[in-house]
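> Here are the chains, one letter per residue:
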Amino acid sequence: MKDLRKTNRESAKKMHRPRWQAFFIGLFLFYMLLPILSTYVFSVATRWDRTILPEGYTLQFYARAAGASYFTSTLRNSLILSLATVLVSLIIIVPTVYWVHMRLTSAQPLIELLMILPFGIPTVVLALALVQVYNFAPLARSPFLLIGAVVVYSMPFMYRPVSNALQAIDSHTLTEAGQSLGANIVQILAEVVIPNILPGILSGSLLVFSTVFAEYTLTSLIVGARFKTFPLLLLEYTRINGNVAAAFSVISFTIAWLVSMMILWVGTTGKATSPEALRAR
Amino acid sequence: MTYLELKNVSKAFAGVDVVHDFSLDIEKGTLVSFLGPSGCGKTTTLRMIAGFEQLDDGSIQLDGNDITGVPPNRRDIGMVFQAYALFPNKTVRDNISFGLRMKKTPKNEIRKKVDTVLEMVRLQETADRYPHQLSGGQQQRIALARALAVQPRVLLLDEPLSALDAGVRVALRGEIRRIQSELAITTVYVTHDQEEALSISDKVVVMNKGIIQQVGTPEEIYRAPQTRFVATFIGTANQFLGTASGRDSVVCKNIKLLAEGVENFRDGEEVVALVRPENIHVQSELPQQRNDWNAIPGVVETITFHGAVTRLGVNTGGQRIVADVTVANTKPVALNQKIWLLFPMSACQVMAAKE
Amino acid sequence: MTPKKRKTGGFSNWIGFAPFLLFCLAFEIVPILLLIRGSFFEKTSGKFTLSHYLGLQHPLYVNSFLNSINLSGLTALIGVVLGTFIGYAIYCWPSARVRDALITLSDVTTNFAGVPLAFAFVIILGLNGVVTQFLAHYLDYKLYPGFSIYSFSGLVLAYVYFQLPLMVLLILPAFAGIKKEWQESAQSLSASTFQFWWQIGIPILMPSLIAGFTLLFANAFGAYATAYALVQSNMSLVTLQIGYMISGEVYQDPGTGMAMAVLSLIIMGFSIGVYQVTANRARRWSKS
Numbered sequence: 138m139k140d141l142r143k144t145n146r147e148s149a150k151k152m153h154r155p156r157w158q159a160f161f162i163g164l165f166l167f168y169m170l171l172p173i174l175s176t177y178v179f180s181v182a183t184r185w186d187r188t189i190l191p192e193g194y195t196l197q198f199y200a201r202a203a204g205a206s207y208f209t210s211t212l213r214n215s216l217i218l219s220l221a222t223v224l225v226s227l228i229i230i231v232p233t234v235y236w237v238h239m240r241l242t243s244a245q246p247l248i249e250l251l252m253i254l255p256f257g258i259p260t261v262v263l264a265l266a267l268v269q270v271y272n273f274a275p276l277a278r279s280p281f282l283l284i285g286a287v288v289v290y291s292m293p294f295m296y297r298p299v300s301n302a303l304q305a306i307d308s309h310t311l312t313e314a315g316q317s318l319g320a321n322i323v324q325i326l327a328e329v330v331i332p333n334i335l336p337g338i339l340s341g342s343l344l345v346f347s348t349v350f351a352e353y354t355l356t357s358l359i360v361g362a363r364f365k366t367f368p369l370l371l372l373e374y375t376r377i378n379g380n381v382a383a384a385f386s387v388i389s390f391t392i393a394w395l396v397s398m399m400i401l402w403v404g405t406t407g408k409a410t411s412p413e414a415l416r417a418r
Numbered sequence: 067m068t069y070l071e072l073k074n075v076s077k078a079f080a081g082v083d084v085v086h087d088f089s090l091d092i093e094k095g096t097l098v099s100f101l102g103p104s105g106c107g108k109t110t111t112l113r114m115i116a117g118f119e120q121l122d123d124g125s126i127q128l129d130g131n132d133i134t135g136v137p138p139n140r141r142d143i144g145m146v147f148q149a150y151a152l153f154p155n156k157t158v159r160d161n162i163s164f165g166l167r168m169k170k171t172p173k174n175e176i177r178k179k180v181d182t183v184l185e186m187v188r189l190q191e192t193a194d195r196y197p198h199q200l201s202g203g204q205q206q207r208i209a210l211a212r213a214l215a216v217q218p219r220v221l222l223l224d225e226p227l228s229a230l231d232a233g234v235r236v237a238l239r240g241e242i243r244r245i246q247s248e249l250a251i252t253t254v255y256v257t258h259d260q261e262e263a264l265s266i267s268d269k270v271v272v273m274n275k276g277i278i279q280q281v282g283t284p285e286e287i288y289r290a291p292q293t294r295f296v297a298t299f300i301g302t303a304n305q306f307l308g309t310a311s312g313r314d315s316v317v318c319k320n321i322k323l324l325a326e327g328v329e330n331f332r333d334g335e336e337v338v339a340l341v342r343p344e345n346i347h348v349q350s351e352l353p354q355q356r357n358d359w360n361a362i363p364g365v366v367e368t369i370t371f372h373g374a375v376t377r378l379g380v381n382t383g384g385q386r387i388v389a390d391v392t393v394a395n396t397k398p399v400a401l402n403q404k405i406w407l408l409f410p411m412s413a414c415q416v417m418a419a420k421e
Numbered sequence: 006m007t008p009k010k011r012k013t014g015g016f017s018n019w020i021g022f023a024p025f026l027l028f029c030l031a032f033e034i035v036p037i038l039l040l041i042r043g044s045f046f047e048k049t050s051g052k053f054t055l056s057h058y059l060g061l062q063h064p065l066y067v068n069s070f071l072n073s074i075n076l077s078g079l080t081a082l083i084g085v086v087l088g089t090f091i092g093y094a095i096y097c098w099p100s101a102r103v104r105d106a107l108i109t110l111s112d113v114t115t116n117f118a119g120v121p122l123a124f125a126f127v128i129i130l131g132l133n134g135v136v137t138q139f140l141a142h143y144l145d146y147k148l149y150p151g152f153s154i155y156s157f158s159g160l161v162l163a164y165v166y167f168q169l170p171l172m173v174l175l176i177l178p179a180f181a182g183i184k185k186e187w188q189e190s191a192q193s194l195s196a197s198t199f200q201f202w203w204q205i206g207i208p209i210l211m212p213s214l215i216a217g218f219t220l221l222f223a224n225a226f227g228a229y230a231t232a233y234a235l236v237q238s239n240m241s242l243v244t245l246q247i248g249y250m251i252s253g254e255v256y257q258d259p260g261t262g263m264a265m266a267v268l269s270l271i272i273m274g275f276s277i278g279v280y281q282v283t284a285n286r287a288r289r290w291s292k293s
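Residue numbers (my numbering), protein chains in the order written: chain A, 138 to 418; chain B, 67 to 421; chain C, 6 to 293.
Okay, chain A solo, but in the shape it has when bound (with noise of 0.2 Å):
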């Protein structure tokens, strides 16, 4: 009750604040809006080189976007990439972590260590640092060499919402109690841990998922064109035809925007706060 007061009078007192705040917002919100939009509306229309609005609409950008030839192959690549990359993440990050947490806390600092580092390397830098390393076969510019790299640089978004879901349940405890009631520690794992660290495990999948299927950087500088994805064909359409490559973005802002909404649906991520948000620009 008392807190319930509490909120009230704050946004009593907050109803009148002055109008500067709503500027700010209203810049923002155009800011942050309008090259969306344009691009929405750029998809869908005729001519607008010439007058502030579009002269007509049309859909023909899509039909031609989907009937490029690249089209189905590119976004084929770019989905293998971005799965194969979630699973690899899966495979060698979700176990470490609960070792970490479990039986080897003494390596806490390290393992933070290694997800602070991708962010202090600009990704074409960690391109050429592997390009010149590994320039034999089967490795040298392949798909698996990417693979390497975009692992590497988007772990940190999977250890993130990991390692809080298994702080969050008290891991320690929950396998004690688990322990106590005589279930082994595949039984512990199977019908405990994961369980209740699903949500985690899921929104760090599908940061990775969203991260990499926009990736640009490393996928053009380790492969380019022979492997290409998505972003590499967007890229090629913006200097073939503009509302072609708008209908391109607009398809990878809907994916984005799907994938945010999972995350949102899932659970908090608790990345506000720490360099998880920043990816290649």
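Hints are supplied without guarantee of correctness; some may be wrong.
[Said to hold, decoys possible] No farther apart than 30 Å at their CA atoms in a straight line, the calculated lysine-lysine pairs in the DSBU-like style are these:
1) C:147 with B:275
2) B:170 with C:184
3) B:170 with B:269
4) C:185 with B:169
5) B:170 with B:94
6) C:184 with B:156
Just so you know, these hints were derived from the structure itself, not from any lab.
Given chain A's structure and the hints, the job is docking chains B and C onto it.
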């Protein structure tokens, strides 16, 4: 002499009355506690005195001047918060001198005053530390020193001990009382802890649902509660629901009790008779009946050792009564023993059943 | 504190850590170390040399670094200042639903970068962009040739797009950490609103502001795709130069490229290091 005066103060949040028609005179140099359960309006009242909340109705006067519309930074009032609220970016010394600097006090004077209040709270050695380097109890003493350094006209304390451990709490409340009486500073102390309020205050204001229930010295509040709420909120009281009958009786479900204060009620009006556990005598045989005493038979159901007293839970034909016995003046009792509970009419107070 | 001093460490327990560690070594640490080593040695003779670093004195590389640092510093500064005000406006906004919506928007837009972002800015601010035309038609103001989306000023606008929401996300917890009681104690000690912000509020926010600046700086410094899609060869940036070297689009001495990479590692590492220290400090303050 009235120093701080609240006149018909009312406050509502989103249509809900939080403080209703609150009037109170506080004498200069005294410590007055606002005591009540959470949500009773005590903190809101305190915040209105500080100026953090606007009054919907009524006025507040300090030393003969109306301060109702004066902003908090011009009220000359010191405030101590439950969560210490020390500025984390400033050392202890800078925290304490903050208010003095706001008032443009000369530097050497600031130094002297800071040293004085630090000595008062016995934390001279912490002057150059940061808040996060201090324990909770130390932080709260520094917060007290910071509020006192500007020599405010009134000191307000909002549940200052609630965030501390039990031991620190008792020590610090003694310290607050000592400093308060040394400086003879008018103080309002908000708490939900009855023991704290009773031990520290000159006067206690018991509040419930935004309304003053009773104002009095700690003894008056404990010995002569005026409402059922006060009687049950402070200490423990056995309650007998019944109807008023004649000049001195209350008719309950199975028994008829002799009680004081029945004359204030109409015959048949719903009342409650209250008896404190320590006023009940326990005997194994019914002694010779005295005519102004109540005697109720019962069976001992629980025996709980509390140190100085032992509390008995007694079943008296449906109603459970608790009685405190001291080892010195009672023969040992056993579980399931049949006993008699005896208490004088004067220990049995009658109040309106409605809170 | 429950007693959780169980046996940790020990050789057998480290085996469980090995696969992950090996992966990091193989795809991150060893290649980077070899890159650093390579920048100090001659490729053919294998002798120690500083010539790769001395080669960076060429105006092209000096310009690349200056451009990168200016761009990162300027967009980080704009991001910090505007983002702080916007963050505070969001923090104070009365409706929780609006606040949540704006936070979600920031979350999504800070990740909207690279090629789609660059292209969206061409649509609005290109030669025939929406805003370009609006200014020409209604305000009779010719944006071109004074401004170009394909130049430094264009990059600034595009980078601010992802810097701003990132700063908003970073600063919101800092505002939440400023306790109402601090404001009230300052008031009861006769401080004005301005005195509170100047003496208490801003100093408490300072670690978060510095942390925000360093993170935003690193964020812009390492950026590649947005710049590549927008400016191409109009302007040189460190990441673009390194990219050209890898793809072989422009001939460059590989040694110089490595030296450039090492230098940018140092700049990024320093920024992220300062970020870590200041962010920890901010966290500690908001706890006390």
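> Hint by hint, note whether the structure agrees.
Hints, one by one, checked against the model:
As the CA atoms of residue 147 of chain C and residue 275 of chain B are separated by approximately 67 Å, the hinted pair breaks the 30 Å bound. A C-alpha spacing of about 25 Å is found between residue 170 of chain B and residue 184 of chain C, which places the hinted pair at or below 30 Å, so the restraint holds. For the proposed pair residue 170 of chain B and residue 269 of chain B, the alpha carbon gap of about 36 Å is over 30 Å, so the pair is violated. A threshold of 30 Å between alpha carbons decides the hint, and for residue 185 of chain C with residue 169 of chain B the separation of about 22 Å falls inside it, so the pair holds.
With a CA separation close to 27 Å, the supplied pair residue 170 of chain B and residue 94 of chain B stays within the 30 Å bound. About 15 Å separates the Cα atoms of residue 184 of chain C and residue 156 of chain B, which keeps this hinted pair within 30 Å; it holds.
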